[in-house]
Amino acid sequence: ETGVTQTPRHLVMGMTNKKSLKCEQHLGHNAMYWYKQSAKKPLELMFVYSLEERVENNSVPSRFSPECPNSSHLFLHLHTLQPEDSALYLCASSQGGGGLYTGELFFGEGSRLTVL
Amino acid sequence: AQSVAQPEDQVNVAEGNPLTVKCTYSVSGNPYLFWYVQYPNRGLQFLLKYITGDNLVKGSYGFEAEFNKSQTSFHLKKPSALVSDSALYFCAVRDRKSSASKIIFGSGTRLSIRP
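Taken in sequence, the protein lines are chains A and F. Here our numbering runs 292 ahead of the position in the first sequence, where the first position is 1. Here our numbering runs 70 ahead of the position in the second sequence, where the first position is 1.
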């Protein structure tokens with residue numbers, strides 16, 4: 293139990309579907325992240341929210357849309373995805389990152405997405 | 071610019087033998103250094119971190135890592151490997167002055183422990 297919960301753990305969707313991934317953290321952290329992990333590729337940082345404001349968006353296609361309604365919840369809305377978007381999507385949280393905080397990330401178990 | 075390198079895609083060790091997973095880094099300032107482990111179909115789990123002070127850092131599951139500033143390395147070690155240590159290991163680095171989102175992960179090293 294890492295304190296970061298992701299649902300669903302597995303998702304299969306067609307290219308025309310709309311679905312969402314959910315992440316909830318119980319660690320009292322103030323920053324949340326979406327990463328994409330594909331086979332044979334480095335971890336890709338997609339989005340960062342700090343204090344519920346999006347602070348990074350690393351050239352992610354618009355078919356991925358994040359939402360952070362509060363500091364404990366993070367969503368990734370998926371629409372019109374492509375087969376190459378099939379991957380493990382990891383949510384993470386951290387506290388700060390500057391000053392007293394070393395800012396290590398705590399990850400959820402991931403959502404395995406398959407796009408047909 | 072920050073970077074981290076894990077020169078070995080795979081490390082194979084016999085159970086009971088010592089293991090080392092290598093990591094070298096490059097940052098413009100002073101680093102925070104991290105090791106994470108990922109078991110199949112799971113997320114990354116934090117193992118240990120170097121902040122300051124003693125160059126030998128102890129972490130979860132009997133792992134330790136040695137910070138070497140002159141060689142800019144942060145190798146992960148364990149005196150006696152277990153089959154259950156088989157997993158994917160990631161080294162990560164961040165400049166102390168940057169935000170947590172600026173953490174850079176290595177490409178990962180797959181550790182395989184044979185019985």
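FYI, nobody ran anything at the bench for these hints, they're computed from the structure. Be careful, since some hints might not be right.
[Claimed, not checked] No farther apart than 30 Å at their CA atoms in a straight line, the calculated lysine-lysine pairs in the BS3-like style are these: (1) A:K332 - F:K172; (2) F:K172 - A:K311; (3) A:K333 - F:K92; (4) A:K311 - F:K167; (5) A:K311 - A:K333; (6) F:K92 - A:K310.
Unsatisfied constraints (hint numbers, rising): The structure breaks hints 4 and 6; every other hint is satisfied.
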